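Enquirer: Heads up: the sequence lines are chains L and U, in that order.
Residue 484 is where the first sequence ends in the numbering used here, and the numbering goes up by one at each step.
Residue 459 is where the second sequence ends in the numbering used here, and the numbering goes up by one at each step.
Hint data in this document are derived by calculation from the structure and do not stem from the laboratory.
You may find that some hints are simply not true.
[As the list claims (entries may be wrong)] In silico BS3-like links for lysine-lysine, alpha-carbon gap of 30 Å or less:
no., chain 1, residue 1, chain 2, residue 2
1, U, K226, L, K372
2, U, K456, L, K352
3, U, K443, U, K326
4, U, K220, U, K176
5, U, K120, U, K226
6, U, K357, L, K372
7, U, K135, U, K85
8, L, K94, U, K438
9, U, K326, U, K438
10, U, K456, U, K438
11, L, K373, U, K283
12, U, K85, L, K373
13, U, K283, L, K352
14, U, K322, U, K443
15, U, K85, U, K120
16, U, K121, U, K177
17, U, K283, U, K322
18, U, K326, U, K357
19, U, K259, U, K283
20, U, K259, L, K94
21, U, K135, U, K22
22, U, K22, U, K176
Since the model is a prediction, treat every value here as computed from it, not as a measurement.
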Amino acid sequence: MVEPLGTLSELRAELDDGGATSRGLVERALERAGEVGERLGVFRHLRGEAALAEADAADARRAAGETRGPLDGIPVVVKDNFSQQGEPTGCASKILEGYVSPYDAGAVEGLGRAGAIIVGRTNMDEFAMGSSNENSAYGPVRNPWDGERVPGGSSGGSAVAVAAGIVPVAFGSDTGGSIRQPASHCGVVGMKPTYGRVSRYGLVAFASSLDAHSAADAAVALAAVAGHDPRDSTSLPEPVPDYAAGLDGDVSGLTIGLPREYFVEEGVDPDVLARVREGVEVLQAAGAKVREVTLPHTEYAIAAYYLIATAEASSNLARFDGVRYGHRAEGATQLRELYERSRSEGFGAEVKRRILLGTYVLSSGYYDAYYKKALQVRTLLRRDFEAAFRECDVLATPTTPAPAFKLGENTRDPLRMYMADVYTVAAPIAGIPGISVPCGFAHGLPVGLQLLGPPLGEGTLLRAADAYQRETQHHEARPPEGGA
Amino acid sequence: MSAPSHPDYEVVIGLETHVHMKTRTKLFCACELVYGDEPNHHTCPTCLALPGALPVLNEQAVDFALRAALATHCTVHPHSIFARKNYFYPDLPKGYQISQFEEPYCTGGFVEIETEDGPKKIRLTRIHMEEDAGKSVHDEGGGGSRVDLNRSGTPLMEIVTEPDLRSADEAEAYLKKLQSILRYLDVSEVDLEHGHFRCDVNVSLRRHGAEEYGTRAELKNLNSFKFIMEAIAAEIERQADVLDSGGTVQQCTLRYHPKTRTTSIMRRIERARAALPELPEAKRERFAAEYGLGERDVATLTAARPLADFFEAATREHGDGKAVSKWLLRDVTRVLNDRDLEFGDARVKFEPAALAKLIGLVDAGKLTASVAGDLLPEVVDGADPATLMAERGLEAVSDTGVLEEAVAAVLAENAAMVERIRGGEDKLLNALMGQVMKRTKGKADPGAVREILARKVTE
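Sequences are here, hints too, so could you generate the full structure?
Expert: Set out below in structure tokens:
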């Protein structure tokens with residue numbers, strides 16, 4: 001069996017000192033994807049020859065002294081909801097069966113410019129709807145720390161690809177916690193940038209995000225995909241700072257806020273809370289100040305999130321009608337029959353549930369009571385964060401209320417499943433960035449420390465996370481036999 | 001004063017005009033706007049609605065729309081919102097049209113026209129921007145339907161007037177003026193025959209001098225001045241005929257048939273309108289007004305259709321919505337809750353008529369409320385209340401002879417208490433009531449018992 005791949009910094013060093021070639025790395029990544037990845041259900045699609053050809057081009061650039069930067073020649077993966085020209089873009093849904101994207105997502109273009117080699121497309125909850133990766137139409141992803149447990153979702157495949165040493169960096173999307181929650185469950189760093197920091201063009205979701213082993217690696221990866229994209233009207237025009245250069249290990253001027261509402265003992269595993277408190281103490285010992293803050297509208301976040309997310313899903317998924325691409329029911333003779341059967345056959349249970357909820361929420365007579373009210377709650381949550389960030393630089397919280405649960409444990413109880421997002425939903429609602437950093441273990445499973453920052457506070461978050469990792473070794477722990 | 005366009009009625013017309021803007025590219029993508037090219041030639045991920053594609057607003061379209069707003073004296077709003085109008089149709093690739101609904105970019109202007117009486121200002125309600133759909137081409141030869149998305153995403157302005165026009169002539173004058181303004185501004189070809197300029201016409205009639213507007217009919221998608229004029233004339237005639245014969249105009253959507261110069265109702269839309277269930281909000285308002293129920297009861301009754309329907313059916317049978325509501329929300333709900341059931345569940349065999357009957361028996365004094373409550377679980381299970389009552393001999397005792405006897409017996413057994421009541425302890429009367437009810441096994445009509453008791457105690 002091929003050895004797990006190292007971190008981005010390690011692979012970069014191997015390439016730079018001639019100890020490895022990009023082709024060699026990509027071959028190893030593909031081989032490991034075929035072994036460990038196969039067993040854990042990580043991939044929807046591997047690029048094989050196309051990736052190797054790109055690796056050869058990267059090797060040629062390096063030989064000519066024209067390396068494009070730290071990601072050049074490095075194997076990475078993207079979630080199955082990133083459009084990539086000539087590749088199936090399936091969102092792990094039957095309804096997109098056979099669809100091949102004719103265009104690249106903005107983030108995929110960014111990776112191309114940086115020379116990163118996309119070796120495969122990772123499994124996910126269908127249309128990024130789920131918190132366990134059990135909603136893929138093609139079977140679940142398994143947690144490398146315990147194959148009977150979920151990796152979290154919806155970007156489960158991306159988190160596992162990094163945790164199991166298949167690639168050093170993976171890209172996903174995070175609309176309710178879809179990167180941070182699986183990163184926490186799999187023991188890797190998961191970063192969700194500010195809404196608009198990374199282009200959404202070509203992404204079948206709302207926010208592009210990434211996984212890596214360390215904050216330092218995440219800083220490099222984020223720089224490759226961040227920046228303004230005129231094809232996404234909500235893309236932010238601010239220049240992208242040099243995140244890696246800002247990692248000085250100094251947190252002496254940093255004030256960490258502990259939101260009172262996130263440290264309520266009820267509904268959270270005491271071991272998880274203990275690990276998070278220890279994590280905060282590490283930063284405190286390194287010079288950071290700690291104070292309690294309040295986010296008074298926290299209890300409404302889940303309700304608001306699921307109202308907004310389902311409403312938008314019902315409208316966003318209307319385009320999957322079997323008319324222009326993807327799955328079309330056979331033998332339909334009437335228009336309505338074509339729609340009903342194509343959509344009934346193409347969408348999975350959770351997607352249907354959200355379309356129904358969302359259509360109800362948006363229907364005449366309920367719009368004001370539900371959708372509009374949820375938008376008002378969003379404003380209140382934003383104000384909560386604005387007020388909190390006047391008193392501190394970052395917020396520290398648990399990423400999830402408990403470590404990874406067992407496959408099938410929550411599938412019959414959608415509400416309980418939604419509650420797994422309790423600590424992660426507020427950030428996307430408020431549009432602010434967040435990062436989950438491994439902070440130890442509870443019951444033998446990884447636990448994540450979540451740091452949240454103000455809009456465009458990625459630099460501060462990465463600096464704090466990096467300082468934490470300089471003081472701790474939790475991110476160096478690897479799953480048994482490298483995820484075998 | 002110009003001659004009225006109808007001798008008996010004043011004609012009231014409002015217009016909604018859709019204008020294709022002659023921008024270089026589409027409203028939300030960079031595809032060129034070209035007419036007559038091969039189908040689906042001018043398309044991209046955005047106007048094909050591929051997964052992940054996003055709209056970016058066309059700056060030139062905004063400039064053109066602003067010109068139109070300023071030239072028609074509208075108030076331009078610095079903040080406006082694009083909304084999604086969701087419906088499924090093959091030539092609408094996203095499954096929704098991007099349009100402006102609650103907050104259009106401008107409101108409240110006017111277009112001045114010349115009339116025989118001099119200049120007249122036709123007020124504009126609003127102008128908003130939206131995108132056009134593609135085109136469906138149906139092969140009559142049975143070869144199926146095809147969709148051309150070259151037009152999908154074409155920028156439109158929808159210009160809406162207040163009901164200020166009083167004749168077909170004024171409508172024509174307004175449209176010509178609008179056409180001329182838009183041509184001057186160079187924002188549209190404004191060519192009706194090529195579909196750059198389409199018009200929906202709202203027509204209603206009212207007696208001369210009337211304050212209230214009549215019910216309006218909407219004529220859809222007219223694409224030539226000639227047809228617009230003819231359609232208005234035909235519709236005025238149709239509505240006048242309806243009103244002359246004592247009928248009322250129904251709100252409807254009409255199609256104009258140039259060959260016969262008549263209008264006819266678009267059946268499909270009307271069927272859909274007729275089949276549309278009453279929506280919760282309308283139902284709440286109606287329940288409050290029609291049945292005089294409190295806000296909370298109305299909210300509970302209308303929360304789900306099966307309960308609301310049951311309530312209405314039972315009320316039709318019984319007559320008093322308040323009584324039905326009281327029984328439904330208190331007693332019936334308790335019985336169903338106990339069994340973890342609700343209306344709409346196939347296991348519930350309860351008929352509205354049975355509830356109406358049960359309440360009717362109470363009203364008529366045949367059943368006491370307490371006995372009726374005891375019978376309710378069986379009635380909910382489908383039993384007939386009258387049959388139950390007869391079989392078990394539960395009919396309320398209102399035979400005064402029997403009651404007088406029972407009361408006399410109770411009074412004789414409780415002489416001390418009677419003395420205290422006579423001494424002013426009125427509350428003790430209830431205790432005696434209870435004893436009479438016990439003696440009659442709950443079947444006594446409480447009103448009658450109280451009356452007899454009160455009389456006998458003071459005798």
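Enquirer: Of the hints stated earlier, which fail here?
Expert: 1, 2, 6, 8, 15, 19, 20
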